Amino acid sequence: MDDQNKNLLLATVLSAVVILVWFVAGPMLFPTWFPSEQPALTALPAETSSTAATPTLADSTPTTPALTATAEPQAPRLSVDTPKLSGSISMLGGRIDDLALKTYRQTVDPTSATVQLLSPVGKDKAYYAVFGFAPGNGLTEADVPGAKTQWTLTNGTTLAPDQPVSMAWTNGKGLTFTRTIGVDKDFLFTITDQVANSGATEARLAPYGIIARHGLPKLEGVYVVHEGPVRRIDGDLQESHYSDLPKQADFEGAKGEAIDSNGDGWIGFTDHYWMTTLIPEQGKPFTAVTKYTPSADIYQTEVRQPLMTVAAGATAQSSIRFFAGAKEWEAIAAYENNPGWLARLFGDRVNPDQVAIPGFIDSIDWGWFFFLTKPIFFVLHLMHQALGNMGLAIIGLTFILKLLVLPLAYKSYVSMARMKELQPEMEVLKEKAGDDKAKLQKDMMALYRQKKVNPAAGCLPIFFQIPIFFSLYKVIYVTIELRQSPFFGWIKDLSMPDTSSLFNLFGALPWAAPAAGSMLHTVFIGMLPILLGVSMWLQQKLNPAPADKAQAQIMAWMPWIFMFMLGSFASGLVVYWITNNTITFAQQYIIMWSHGHRPDIFDNIKAALKKAKSAPKPANSPKSPNNPKAPRK
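Under my numbering, residues 2 to 634 are what the sequence shown spells out, in order.
In case anyone wonders, no lab produced these hints; they're calculated from the structure.
Fair warning: there could be bad hints in the mix.
[Said to hold, decoys possible] Pair by pair, the computed Cβ-Cβ distance ranges are:
1. N352 x L383: 39 to 47 Å
2. T202 x Q485: 32 to 40 Å
3. L448 x Q554: 26 to 34 Å
4. E253 x G173: 22 to 30 Å
5. Q424 x F489: 38 to 46 Å
6. Q485 x T158: 31 to 39 Å
All values derive from a computational prediction rather than experimental measurement.
The C-beta atom is built at its ideal place from N, Cα and C for all residues, glycine as well.
Could you build all of it, start to finish, from the sequences and the hints given here?
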(Lines of atoms letter the chains of each structure in order from A and count residues from 1; the text may use other names and numbers.)
(Lines give C-alpha, C1' and ligand atoms only; values in the text may rest on other atoms or scores of the structure.)
Protein backbone atom coordinates (compact mmCIF):
# COMPACT_ATOMS: atom_id res chain seq x y z
CA MET A 1 0.00 0.00 0.00
CA ASP A 2 1.58 3.31 -1.07
CA ASP A 3 1.61 6.45 1.06
CA GLN A 4 -1.28 8.09 -0.75
CA ASN A 5 -3.55 5.11 -0.14
CA LYS A 6 -2.40 4.97 3.46
CA ASN A 7 -3.29 8.62 3.88
CA LEU A 8 -6.65 8.04 2.26
CA LEU A 9 -7.31 5.13 4.59
CA LEU A 10 -6.28 7.24 7.60
CA ALA A 11 -8.56 10.08 6.49
CA THR A 12 -11.42 7.62 6.02
CA VAL A 13 -10.89 6.15 9.47
CA LEU A 14 -10.76 9.59 11.07
CA SER A 15 -13.93 10.59 9.23
CA ALA A 16 -15.62 7.42 10.49
CA VAL A 17 -14.50 8.29 14.02
CA VAL A 18 -15.96 11.79 13.67
CA ILE A 19 -19.27 10.36 12.42
CA LEU A 20 -19.33 7.78 15.23
CA VAL A 21 -18.64 10.45 17.85
CA TRP A 22 -21.36 12.59 16.26
CA PHE A 23 -24.00 9.91 16.60
CA VAL A 24 -22.86 8.82 20.06
CA ALA A 25 -22.30 12.29 21.49
CA GLY A 26 -25.00 14.04 19.45
CA PRO A 27 -27.78 13.43 22.02
CA MET A 28 -25.65 14.86 24.81
CA LEU A 29 -24.40 17.84 22.82
CA PHE A 30 -27.66 18.76 21.08
CA PRO A 31 -30.57 17.33 23.11
CA THR A 32 -33.14 19.30 21.09
CA TRP A 33 -32.09 17.39 17.97
CA PHE A 34 -32.03 13.99 19.64
CA PRO A 35 -35.01 13.85 22.03
CA SER A 36 -34.93 10.79 24.21
CA GLU A 37 -35.68 9.68 27.73
CA GLN A 38 -33.02 9.55 30.39
CA PRO A 39 -31.44 6.13 30.62
CA ALA A 40 -32.56 4.19 33.64
CA LEU A 41 -29.61 3.19 35.78
CA THR A 42 -29.91 0.49 38.36
CA ALA A 43 -29.47 1.87 41.85
CA LEU A 44 -26.59 0.41 43.80
CA PRO A 45 -27.67 -2.21 46.32
CA ALA A 46 -27.22 -1.43 49.95
CA GLU A 47 -24.91 -4.37 50.54
CA THR A 48 -22.22 -2.84 48.29
CA SER A 49 -21.45 -0.14 50.86
CA SER A 50 -19.64 -0.53 54.13
CA THR A 51 -21.48 -1.47 57.31
CA ALA A 52 -21.86 1.11 60.06
CA ALA A 53 -20.17 0.61 63.43
CA THR A 54 -23.55 0.85 65.17
CA PRO A 55 -26.91 -0.72 64.26
CA THR A 56 -28.66 0.97 61.37
CA LEU A 57 -31.25 3.55 62.22
CA ALA A 58 -33.90 1.54 60.36
CA ASP A 59 -33.25 -1.43 62.65
CA SER A 60 -32.91 0.39 65.95
CA THR A 61 -35.44 3.25 65.92
CA PRO A 62 -38.71 4.28 64.31
CA THR A 63 -38.55 5.75 60.83
CA THR A 64 -38.73 9.39 59.83
CA PRO A 65 -42.27 10.77 59.53
CA ALA A 66 -43.99 10.72 56.15
CA LEU A 67 -44.24 14.03 54.30
CA THR A 68 -47.42 15.10 52.52
CA ALA A 69 -48.10 17.17 49.44
CA THR A 70 -50.87 19.11 51.19
CA ALA A 71 -50.23 22.84 51.56
CA GLU A 72 -49.34 23.74 55.13
CA PRO A 73 -51.10 26.50 57.08
CA GLN A 74 -49.53 29.93 57.15
CA ALA A 75 -46.86 30.35 59.83
CA PRO A 76 -44.49 33.12 60.91
CA ARG A 77 -41.27 33.38 58.93
CA LEU A 78 -37.81 34.73 59.59
CA SER A 79 -35.76 36.32 56.82
CA VAL A 80 -32.60 34.99 55.22
CA ASP A 81 -30.24 37.63 53.85
CA THR A 82 -26.66 36.86 52.85
CA PRO A 83 -24.39 38.16 50.07
CA LYS A 84 -25.61 35.31 47.83
CA LEU A 85 -28.97 34.19 49.25
CA SER A 86 -32.33 35.73 50.04
CA GLY A 87 -35.53 34.18 51.28
CA SER A 88 -37.13 32.99 54.49
CA ILE A 89 -37.49 30.05 56.89
CA SER A 90 -40.90 28.87 58.06
CA MET A 91 -41.37 28.53 61.81
CA LEU A 92 -43.63 25.57 61.03
CA GLY A 93 -41.14 22.75 61.17
CA GLY A 94 -38.24 25.18 60.92
CA ARG A 95 -38.26 24.43 57.19
CA ILE A 96 -35.70 26.01 54.92
CA ASP A 97 -38.09 26.30 52.01
CA ASP A 98 -37.71 29.70 50.38
CA LEU A 99 -34.33 30.53 48.85
CA ALA A 100 -33.35 32.63 45.85
CA LEU A 101 -29.82 33.02 44.51
CA LYS A 102 -29.04 36.74 44.48
CA THR A 103 -26.10 36.59 42.10
CA TYR A 104 -27.70 34.42 39.40
CA ARG A 105 -30.45 35.36 36.96
CA GLN A 106 -32.60 33.28 34.66
CA THR A 107 -31.09 34.80 31.48
CA VAL A 108 -28.28 37.14 30.45
CA ASP A 109 -30.78 40.01 30.64
CA PRO A 110 -29.80 41.88 33.85
CA THR A 111 -33.48 42.64 34.51
CA SER A 112 -34.57 38.97 34.42
CA ALA A 113 -35.66 37.26 37.62
CA THR A 114 -33.17 35.71 40.00
CA VAL A 115 -32.93 31.92 40.19
CA GLN A 116 -35.36 30.47 42.74
CA LEU A 117 -33.82 27.37 44.30
CA LEU A 118 -36.23 26.33 47.08
CA SER A 119 -39.99 26.82 47.33
CA PRO A 120 -42.56 25.85 50.00
CA VAL A 121 -45.31 23.25 49.90
CA GLY A 122 -48.31 24.62 48.05
CA LYS A 123 -46.24 26.09 45.23
CA ASP A 124 -45.39 24.29 42.01
CA LYS A 125 -42.49 21.84 42.39
CA ALA A 126 -42.06 22.38 46.14
CA TYR A 127 -38.45 21.87 47.19
CA TYR A 128 -37.25 22.25 50.78
CA ALA A 129 -35.27 20.86 53.71
CA VAL A 130 -36.70 19.89 57.09
CA PHE A 131 -34.98 18.67 60.24
CA GLY A 132 -36.26 16.82 63.27
CA PHE A 133 -36.05 13.74 65.49
CA ALA A 134 -37.36 10.19 65.24
CA PRO A 135 -38.82 9.07 68.61
CA GLY A 136 -37.29 6.26 70.64
CA ASN A 137 -38.39 4.54 73.84
CA GLY A 138 -41.85 5.57 75.02
CA LEU A 139 -41.94 8.65 72.79
CA THR A 140 -44.28 9.33 69.89
CA GLU A 141 -43.99 11.60 66.86
CA ALA A 142 -45.95 14.23 68.80
CA ASP A 143 -43.23 14.25 71.50
CA VAL A 144 -40.39 15.26 69.18
CA PRO A 145 -40.04 18.11 66.66
CA GLY A 146 -40.76 17.33 63.04
CA ALA A 147 -42.13 18.80 59.84
CA LYS A 148 -45.25 20.25 61.52
CA THR A 149 -43.78 21.50 64.77
CA GLN A 150 -44.59 25.15 65.52
CA TRP A 151 -41.33 26.64 66.74
CA THR A 152 -41.02 29.89 68.68
CA LEU A 153 -38.33 32.35 67.70
CA THR A 154 -36.10 33.18 70.69
CA ASN A 155 -33.19 35.08 69.16
CA GLY A 156 -32.79 37.20 66.02
CA THR A 157 -35.17 38.12 63.23
CA THR A 158 -32.93 37.81 60.17
CA LEU A 159 -30.50 34.97 59.43
CA ALA A 160 -27.22 36.35 58.05
CA PRO A 161 -23.51 35.49 58.22
CA ASP A 162 -22.29 35.81 61.83
CA GLN A 163 -25.94 36.40 62.87
CA PRO A 164 -27.45 33.01 63.77
CA VAL A 165 -31.06 32.68 64.85
CA SER A 166 -32.52 30.47 67.55
CA MET A 167 -35.93 28.90 68.13
CA ALA A 168 -37.37 26.68 70.83
CA TRP A 169 -40.12 24.13 71.40
CA THR A 170 -41.15 22.05 74.42
CA ASN A 171 -43.17 18.85 74.32
CA GLY A 172 -44.81 19.38 77.73
CA LYS A 173 -43.31 16.11 78.98
CA GLY A 174 -39.95 17.33 80.18
CA LEU A 175 -38.10 17.72 76.89
CA THR A 176 -37.10 21.18 75.64
CA PHE A 177 -35.62 21.55 72.17
CA THR A 178 -33.52 24.52 71.08
CA ARG A 179 -32.53 24.92 67.45
CA THR A 180 -29.82 27.31 66.28
CA ILE A 181 -29.38 27.96 62.56
CA GLY A 182 -26.28 29.65 61.16
CA VAL A 183 -25.24 30.45 57.60
CA ASP A 184 -21.97 31.53 55.99
CA LYS A 185 -21.40 34.06 53.21
CA ASP A 186 -21.73 31.37 50.53
CA PHE A 187 -24.31 28.57 50.67
CA LEU A 188 -23.74 26.47 53.81
CA PHE A 189 -26.24 26.32 56.67
CA THR A 190 -25.47 24.74 60.05
CA ILE A 191 -28.42 23.40 62.05
CA THR A 192 -27.64 22.64 65.69
CA ASP A 193 -30.27 21.01 67.92
CA GLN A 194 -29.97 20.83 71.69
CA VAL A 195 -32.22 18.62 73.82
CA ALA A 196 -32.66 19.30 77.55
CA ASN A 197 -34.34 16.56 79.61
CA SER A 198 -35.98 17.80 82.79
CA GLY A 199 -38.03 14.61 83.17
CA ALA A 200 -37.50 11.68 85.49
CA THR A 201 -36.51 9.12 82.84
CA GLU A 202 -34.04 9.03 80.03
CA ALA A 203 -35.16 9.86 76.51
CA ARG A 204 -33.93 8.21 73.35
CA LEU A 205 -34.32 9.90 69.98
CA ALA A 206 -32.50 10.11 66.65
CA PRO A 207 -31.84 13.31 64.68
CA TYR A 208 -32.48 13.42 60.94
CA GLY A 209 -32.45 15.77 57.98
CA ILE A 210 -34.62 15.48 54.87
CA ILE A 211 -34.46 17.13 51.45
CA ALA A 212 -37.78 16.76 49.63
CA ARG A 213 -38.78 17.47 46.04
CA HIS A 214 -42.49 17.34 45.17
CA GLY A 215 -42.91 15.99 41.66
CA LEU A 216 -40.29 15.39 39.01
CA PRO A 217 -38.27 18.60 38.50
CA LYS A 218 -37.79 20.06 35.05
CA LEU A 219 -34.71 18.34 33.67
CA GLU A 220 -32.40 19.50 30.92
CA GLY A 221 -31.91 15.86 29.93
CA VAL A 222 -28.38 16.46 28.66
CA TYR A 223 -26.22 13.37 28.98
CA VAL A 224 -23.05 15.29 29.66
CA VAL A 225 -24.23 16.45 33.10
CA HIS A 226 -25.81 14.46 35.93
CA GLU A 227 -29.17 15.54 37.35
CA GLY A 228 -30.66 13.63 40.28
CA PRO A 229 -29.67 12.09 43.61
CA VAL A 230 -25.97 12.04 44.40
CA ARG A 231 -24.19 10.69 47.45
CA ARG A 232 -20.72 9.95 48.67
CA ILE A 233 -20.55 7.17 51.24
CA ASP A 234 -17.19 6.25 52.79
CA GLY A 235 -15.27 7.48 49.75
CA ASP A 236 -17.60 5.93 47.15
CA LEU A 237 -19.39 8.43 44.88
CA GLN A 238 -22.75 7.17 43.64
CA GLU A 239 -25.09 8.88 41.17
CA SER A 240 -28.61 7.85 40.21
CA HIS A 241 -31.50 9.28 38.21
CA TYR A 242 -34.98 10.20 39.35
CA SER A 243 -36.25 7.32 37.23
CA ASP A 244 -34.25 4.93 39.42
CA LEU A 245 -36.07 5.73 42.66
CA PRO A 246 -39.49 4.26 41.80
CA LYS A 247 -37.72 1.04 40.80
CA GLN A 248 -36.14 0.53 44.21
CA ALA A 249 -37.35 -2.06 46.71
CA ASP A 250 -40.31 -1.50 49.04
CA PHE A 251 -39.09 0.63 51.92
CA GLU A 252 -41.12 2.08 54.81
CA GLY A 253 -44.31 2.23 52.78
CA ALA A 254 -42.52 3.73 49.80
CA LYS A 255 -39.68 2.84 47.43
CA GLY A 256 -36.13 3.33 48.55
CA GLU A 257 -32.97 2.09 50.18
CA ALA A 258 -30.80 2.88 53.21
CA ILE A 259 -27.02 2.68 53.19
CA ASP A 260 -24.95 2.79 56.36
CA SER A 261 -21.78 4.85 56.63
CA ASN A 262 -18.87 4.70 59.04
CA GLY A 263 -18.90 8.49 59.20
CA ASP A 264 -17.63 9.90 55.91
CA GLY A 265 -20.15 11.19 53.42
CA TRP A 266 -23.04 13.35 52.27
CA ILE A 267 -26.20 13.02 50.17
CA GLY A 268 -28.54 15.26 48.23
CA PHE A 269 -29.90 16.36 44.85
CA THR A 270 -27.91 17.97 42.07
CA ASP A 271 -29.14 19.96 39.09
CA HIS A 272 -27.04 21.32 36.24
CA TYR A 273 -25.77 24.32 38.18
CA TRP A 274 -27.49 24.10 41.59
CA MET A 275 -27.40 21.62 44.44
CA THR A 276 -28.84 20.79 47.85
CA THR A 277 -26.84 18.49 50.11
CA LEU A 278 -27.08 17.14 53.66
CA ILE A 279 -23.75 16.76 55.44
CA PRO A 280 -23.95 14.87 58.77
CA GLU A 281 -21.35 15.11 61.50
CA GLN A 282 -18.24 13.64 59.93
CA GLY A 283 -16.52 10.84 61.80
CA LYS A 284 -19.78 9.53 63.27
CA PRO A 285 -21.90 6.72 61.78
CA PHE A 286 -25.04 7.69 59.90
CA THR A 287 -27.52 6.22 57.44
CA ALA A 288 -28.08 7.73 53.99
CA VAL A 289 -31.53 7.19 52.50
CA THR A 290 -33.02 7.74 49.06
CA LYS A 291 -36.78 7.36 48.88
CA TYR A 292 -39.74 7.94 46.58
CA THR A 293 -43.35 8.03 47.81
CA PRO A 294 -45.63 7.32 44.82
CA SER A 295 -48.85 8.33 46.59
CA ALA A 296 -47.51 11.83 47.29
CA ASP A 297 -45.07 11.95 44.34
CA ILE A 298 -42.24 13.06 46.63
CA TYR A 299 -38.55 12.34 46.04
CA GLN A 300 -36.42 12.39 49.19
CA THR A 301 -32.83 12.12 50.30
CA GLU A 302 -32.22 11.76 54.04
CA VAL A 303 -29.49 11.64 56.64
CA ARG A 304 -30.37 9.68 59.76
CA GLN A 305 -27.93 9.98 62.64
CA PRO A 306 -27.61 7.40 65.45
CA LEU A 307 -29.87 7.30 68.50
CA MET A 308 -28.88 9.73 71.19
CA THR A 309 -29.68 8.98 74.83
CA VAL A 310 -30.50 11.99 77.02
CA ALA A 311 -30.41 11.07 80.69
CA ALA A 312 -32.78 12.69 83.17
CA GLY A 313 -31.49 16.15 84.03
CA ALA A 314 -28.97 16.10 81.17
CA THR A 315 -28.66 17.76 77.77
CA ALA A 316 -27.44 16.47 74.43
CA GLN A 317 -26.65 18.08 71.12
CA SER A 318 -26.49 17.15 67.45
CA SER A 319 -25.78 19.09 64.29
CA ILE A 320 -26.08 18.73 60.55
CA ARG A 321 -24.98 20.98 57.71
CA PHE A 322 -27.08 21.84 54.68
CA PHE A 323 -25.67 23.14 51.40
CA ALA A 324 -28.18 24.98 49.21
CA GLY A 325 -26.90 27.02 46.33
CA ALA A 326 -24.77 27.22 43.21
CA LYS A 327 -22.05 24.68 42.50
CA GLU A 328 -19.30 27.29 42.61
CA TRP A 329 -15.97 25.53 42.41
CA GLU A 330 -14.16 27.92 44.71
CA ALA A 331 -16.72 27.63 47.52
CA ILE A 332 -17.11 23.84 47.22
CA ALA A 333 -13.35 23.31 47.07
CA ALA A 334 -12.94 25.38 50.23
CA TYR A 335 -15.59 23.31 52.04
CA GLU A 336 -13.72 20.14 51.08
CA ASN A 337 -10.23 21.39 51.92
CA ASN A 338 -10.95 23.56 54.95
CA PRO A 339 -8.51 24.43 56.47
CA GLY A 340 -6.20 23.08 53.74
CA TRP A 341 -4.02 24.89 51.23
CA LEU A 342 -6.79 25.20 48.65
CA ALA A 343 -9.07 27.02 51.09
CA ARG A 344 -6.23 29.32 52.10
CA LEU A 345 -5.53 30.02 48.43
CA PHE A 346 -8.77 31.98 48.22
CA GLY A 347 -8.23 34.22 51.20
CA ASP A 348 -10.98 34.37 53.81
CA ARG A 349 -12.57 30.98 53.15
CA VAL A 350 -10.94 29.19 56.09
CA ASN A 351 -13.31 28.64 59.03
CA PRO A 352 -11.48 27.16 62.03
CA ASP A 353 -14.77 25.89 63.48
CA GLN A 354 -15.81 24.08 60.30
CA VAL A 355 -14.98 20.44 59.62
CA ALA A 356 -13.83 19.61 56.09
CA ILE A 357 -16.27 17.73 53.84
CA PRO A 358 -14.36 14.87 52.18
CA GLY A 359 -14.88 14.51 48.44
CA PHE A 360 -17.28 17.44 48.21
CA ILE A 361 -15.65 18.70 45.01
CA ASP A 362 -16.97 15.55 43.31
CA SER A 363 -20.49 16.94 43.60
CA ILE A 364 -19.52 18.72 40.37
CA ASP A 365 -19.86 16.21 37.53
CA TRP A 366 -16.30 16.01 36.20
CA GLY A 367 -17.00 12.97 34.01
CA TRP A 368 -14.82 10.08 32.90
CA PHE A 369 -11.86 12.35 32.15
CA PHE A 370 -11.87 13.80 35.68
CA PHE A 371 -8.06 13.52 35.76
CA LEU A 372 -8.08 16.10 32.95
CA THR A 373 -11.20 18.15 33.66
CA LYS A 374 -10.20 18.97 37.24
CA PRO A 375 -6.74 20.41 36.48
CA ILE A 376 -8.01 22.07 33.29
CA PHE A 377 -10.69 23.91 35.23
CA PHE A 378 -8.26 24.81 38.02
CA VAL A 379 -5.94 26.51 35.53
CA LEU A 380 -8.90 28.13 33.76
CA HIS A 381 -10.16 29.50 37.07
CA LEU A 382 -6.76 30.99 37.93
CA MET A 383 -6.49 32.51 34.45
CA HIS A 384 -9.94 34.03 34.85
CA GLN A 385 -8.96 35.57 38.16
CA ALA A 386 -5.83 37.04 36.59
CA LEU A 387 -7.39 38.30 33.34
CA GLY A 388 -10.93 39.13 34.45
CA ASN A 389 -12.49 37.76 31.26
CA MET A 390 -13.41 34.11 30.72
CA GLY A 391 -12.87 34.30 26.95
CA LEU A 392 -9.32 35.58 27.49
CA ALA A 393 -8.87 32.87 30.13
CA ILE A 394 -9.81 30.21 27.55
CA ILE A 395 -7.28 31.69 25.12
CA GLY A 396 -4.62 31.72 27.84
CA LEU A 397 -5.47 28.12 28.78
CA THR A 398 -5.07 27.12 25.12
CA PHE A 399 -1.56 28.56 25.06
CA ILE A 400 -0.68 26.60 28.20
CA LEU A 401 -2.08 23.35 26.78
CA LYS A 402 -0.22 23.88 23.50
CA LEU A 403 2.97 24.55 25.45
CA LEU A 404 2.56 21.26 27.32
CA VAL A 405 2.20 19.25 24.11
CA LEU A 406 4.84 21.29 22.25
CA PRO A 407 7.49 18.53 22.42
CA LEU A 408 5.09 16.10 20.75
CA ALA A 409 3.98 18.72 18.23
CA TYR A 410 7.58 19.59 17.43
CA LYS A 411 8.43 15.94 16.89
CA SER A 412 5.36 15.55 14.71
CA TYR A 413 6.07 18.55 12.49
CA VAL A 414 9.75 17.64 12.17
CA SER A 415 8.73 14.13 11.17
CA MET A 416 6.35 15.54 8.55
CA ALA A 417 9.10 17.79 7.19
CA ARG A 418 11.57 14.91 6.98
CA MET A 419 8.96 12.74 5.30
CA LYS A 420 8.83 15.37 2.56
CA GLU A 421 12.62 15.18 2.25
CA LEU A 422 12.33 11.45 1.68
CA GLN A 423 9.82 11.74 -1.15
CA PRO A 424 12.43 11.45 -3.96
CA GLU A 425 14.00 8.37 -2.37
CA MET A 426 10.58 6.81 -1.83
CA GLU A 427 9.74 7.31 -5.51
CA VAL A 428 12.94 5.44 -6.39
CA LEU A 429 11.94 2.58 -4.10
CA LYS A 430 8.52 2.40 -5.75
CA GLU A 431 10.11 2.09 -9.19
CA LYS A 432 12.47 -0.66 -8.02
CA ALA A 433 9.75 -2.64 -6.25
CA GLY A 434 7.28 -2.47 -9.10
CA ASP A 435 4.22 -4.54 -8.15
CA ASP A 436 5.95 -6.23 -5.22
CA LYS A 437 4.11 -4.53 -2.37
CA ALA A 438 5.82 -6.58 0.34
CA LYS A 439 9.29 -5.55 -0.91
CA LEU A 440 8.21 -1.92 -1.13
CA GLN A 441 6.91 -1.98 2.43
CA LYS A 442 10.12 -3.62 3.69
CA ASP A 443 12.36 -1.15 1.85
CA MET A 444 10.31 1.83 3.09
CA MET A 445 10.56 0.70 6.71
CA ALA A 446 14.31 0.24 6.29
CA LEU A 447 14.53 3.76 4.87
CA TYR A 448 12.55 5.15 7.84
CA ARG A 449 14.91 3.41 10.27
CA GLN A 450 17.98 4.61 8.43
CA LYS A 451 16.79 8.22 8.37
CA LYS A 452 15.28 7.95 11.89
CA VAL A 453 11.82 8.99 10.76
CA ASN A 454 8.64 7.79 12.44
CA PRO A 455 5.71 7.96 9.97
CA ALA A 456 3.20 7.64 12.82
CA ALA A 457 4.58 10.64 14.72
CA GLY A 458 2.19 12.99 12.95
CA CYS A 459 -0.78 11.30 14.61
CA LEU A 460 0.40 11.79 18.20
CA PRO A 461 -0.92 15.37 18.67
CA ILE A 462 -4.34 14.24 17.38
CA PHE A 463 -4.61 11.48 19.98
CA PHE A 464 -3.77 13.93 22.77
CA GLN A 465 -6.03 16.62 21.34
CA ILE A 466 -9.21 14.49 21.40
CA PRO A 467 -9.40 13.92 25.21
CA ILE A 468 -8.42 17.54 25.82
CA PHE A 469 -11.22 18.68 23.52
CA PHE A 470 -13.87 16.58 25.27
CA SER A 471 -12.54 17.54 28.72
CA LEU A 472 -12.72 21.22 27.87
CA TYR A 473 -16.24 20.73 26.51
CA LYS A 474 -17.19 19.12 29.82
CA VAL A 475 -15.66 22.01 31.77
CA ILE A 476 -17.39 24.67 29.67
CA TYR A 477 -20.78 22.99 29.79
CA VAL A 478 -20.86 21.75 33.39
CA THR A 479 -19.17 24.40 35.52
CA ILE A 480 -21.26 27.36 36.59
CA GLU A 481 -18.33 29.74 36.19
CA LEU A 482 -18.90 29.63 32.41
CA ARG A 483 -22.66 30.18 32.70
CA GLN A 484 -23.62 33.60 31.28
CA SER A 485 -19.94 34.54 31.18
CA PRO A 486 -19.35 37.19 28.45
CA PHE A 487 -16.40 37.58 26.11
CA PHE A 488 -16.45 40.66 23.87
CA GLY A 489 -18.99 42.23 21.54
CA TRP A 490 -21.99 40.08 20.79
CA ILE A 491 -20.76 37.08 22.81
CA LYS A 492 -22.70 37.40 26.06
CA ASP A 493 -22.58 33.77 27.20
CA LEU A 494 -19.59 31.52 26.48
CA SER A 495 -21.53 28.44 27.61
CA MET A 496 -24.04 28.90 24.76
CA PRO A 497 -23.69 28.81 20.95
CA ASP A 498 -22.75 31.93 19.00
CA THR A 499 -25.85 34.13 18.76
CA SER A 500 -24.74 35.92 15.58
CA SER A 501 -26.00 34.54 12.28
CA LEU A 502 -25.65 34.72 8.52
CA PHE A 503 -29.46 34.81 8.50
CA ASN A 504 -29.41 38.53 9.34
CA LEU A 505 -25.86 39.25 8.18
CA PHE A 506 -24.61 39.30 11.77
CA GLY A 507 -27.13 41.90 12.88
CA ALA A 508 -27.00 44.16 9.83
CA LEU A 509 -30.51 43.18 8.71
CA PRO A 510 -33.58 44.10 10.81
CA TRP A 511 -34.71 40.65 11.87
CA ALA A 512 -33.72 38.27 14.60
CA ALA A 513 -31.28 35.37 14.25
CA PRO A 514 -32.70 31.82 14.43
CA ALA A 515 -33.05 30.31 17.89
CA ALA A 516 -30.13 28.20 19.12
CA GLY A 517 -30.72 24.51 18.50
CA SER A 518 -33.02 25.04 15.54
CA MET A 519 -32.20 23.75 12.06
CA LEU A 520 -32.00 27.32 10.71
CA HIS A 521 -29.42 28.12 13.38
CA THR A 522 -27.39 25.13 12.19
CA VAL A 523 -27.47 26.27 8.57
CA PHE A 524 -27.06 30.02 9.13
CA ILE A 525 -24.04 29.80 11.38
CA GLY A 526 -22.46 32.62 13.32
CA MET A 527 -19.20 34.53 13.07
CA LEU A 528 -17.19 32.28 15.39
CA PRO A 529 -17.89 29.04 13.46
CA ILE A 530 -16.95 30.80 10.20
CA LEU A 531 -13.65 31.92 11.74
CA LEU A 532 -13.15 28.33 12.86
CA GLY A 533 -13.65 27.00 9.33
CA VAL A 534 -11.29 29.59 7.88
CA SER A 535 -8.59 28.79 10.46
CA MET A 536 -8.83 25.06 9.66
CA TRP A 537 -8.72 25.79 5.92
CA LEU A 538 -5.62 28.00 6.24
CA GLN A 539 -3.93 25.36 8.37
CA GLN A 540 -4.47 22.84 5.57
CA LYS A 541 -2.86 25.19 3.05
CA LEU A 542 0.49 24.90 4.76
CA ASN A 543 0.91 21.78 2.64
CA PRO A 544 0.09 21.14 -1.01
CA ALA A 545 -3.11 19.23 -1.68
CA PRO A 546 -2.63 15.43 -1.80
CA ALA A 547 -2.06 13.99 -5.25
CA ASP A 548 -4.80 11.44 -4.72
CA LYS A 549 -8.02 13.08 -5.89
CA ALA A 550 -10.33 11.28 -3.48
CA GLN A 551 -8.13 12.16 -0.51
CA ALA A 552 -7.84 15.75 -1.71
CA GLN A 553 -11.64 16.06 -1.86
CA ILE A 554 -12.03 14.65 1.66
CA MET A 555 -9.44 17.03 3.06
CA ALA A 556 -10.95 19.99 1.18
CA TRP A 557 -14.38 19.41 2.70
CA MET A 558 -13.29 18.74 6.29
CA PRO A 559 -12.89 22.40 7.44
CA TRP A 560 -16.39 23.29 6.25
CA ILE A 561 -17.94 20.13 7.70
CA PHE A 562 -16.39 20.91 11.07
CA MET A 563 -17.49 24.53 10.73
CA PHE A 564 -21.14 23.48 10.63
CA MET A 565 -20.73 20.65 13.16
CA LEU A 566 -19.15 22.95 15.76
CA GLY A 567 -21.47 25.84 14.94
CA SER A 568 -23.90 24.77 17.68
CA PHE A 569 -21.23 24.11 20.29
CA ALA A 570 -20.66 26.45 23.21
CA SER A 571 -18.94 29.66 22.10
CA GLY A 572 -16.15 29.06 24.61
CA LEU A 573 -15.26 25.79 22.93
CA VAL A 574 -15.19 27.41 19.50
CA VAL A 575 -12.93 30.18 20.88
CA TYR A 576 -10.60 27.45 22.14
CA TRP A 577 -10.60 25.67 18.77
CA ILE A 578 -9.89 28.87 16.80
CA THR A 579 -7.03 29.72 19.16
CA ASN A 580 -5.70 26.18 18.94
CA ASN A 581 -5.76 26.27 15.13
CA THR A 582 -4.02 29.65 15.06
CA ILE A 583 -1.24 28.48 17.39
CA THR A 584 -0.88 25.21 15.46
CA PHE A 585 -0.59 27.17 12.21
CA ALA A 586 2.17 29.35 13.64
CA GLN A 587 4.04 26.38 15.16
CA GLN A 588 3.93 24.33 11.98
CA TYR A 589 4.96 27.30 9.80
CA ILE A 590 7.98 28.12 11.99
CA ILE A 591 9.12 24.49 12.35
CA MET A 592 8.78 23.75 8.63
CA TRP A 593 10.62 26.99 7.80
CA SER A 594 13.43 26.06 10.21
CA HIS A 595 13.88 22.78 8.30
CA GLY A 596 14.17 24.44 4.93
CA HIS A 597 10.56 23.91 3.85
CA ARG A 598 9.00 27.33 4.02
CA PRO A 599 5.29 26.82 3.22
CA ASP A 600 4.01 28.71 0.20
CA ILE A 601 0.42 29.22 1.31
CA PHE A 602 -0.72 31.38 -1.60
CA ASP A 603 0.69 28.98 -4.20
CA ASN A 604 -1.02 26.08 -2.43
CA ILE A 605 -4.32 27.94 -2.51
CA LYS A 606 -3.89 28.79 -6.21
CA ALA A 607 -2.98 25.19 -7.02
CA ALA A 608 -6.05 23.91 -5.20
CA LEU A 609 -8.27 26.35 -7.09
CA LYS A 610 -6.74 25.34 -10.42
CA LYS A 611 -7.30 21.67 -9.66
CA ALA A 612 -10.92 22.39 -8.81
CA LYS A 613 -11.43 24.24 -12.11
CA SER A 614 -9.57 21.73 -14.27
CA ALA A 615 -11.05 18.60 -12.75
CA PRO A 616 -11.35 15.98 -15.54
CA LYS A 617 -14.71 14.87 -16.81
CA PRO A 618 -15.89 11.36 -15.91
CA ALA A 619 -14.26 8.63 -17.99
CA ASN A 620 -17.55 7.65 -19.66
CA SER A 621 -18.26 11.20 -20.83
CA PRO A 622 -18.29 11.66 -24.63
CA LYS A 623 -16.04 14.70 -24.23
CA SER A 624 -13.52 12.98 -22.00
CA PRO A 625 -10.03 12.58 -23.50
CA ASN A 626 -9.68 9.44 -21.40
CA ASN A 627 -12.38 7.72 -23.45
CA PRO A 628 -10.81 7.04 -26.87
CA LYS A 629 -13.91 5.19 -28.04
CA ALA A 630 -16.13 8.21 -27.61
CA PRO A 631 -17.65 9.23 -30.95
CA ARG A 632 -16.39 12.46 -32.47
CA LYS A 633 -18.86 15.19 -33.29
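Hints breached by this structure: Per hint list: 1 and 2 violated.
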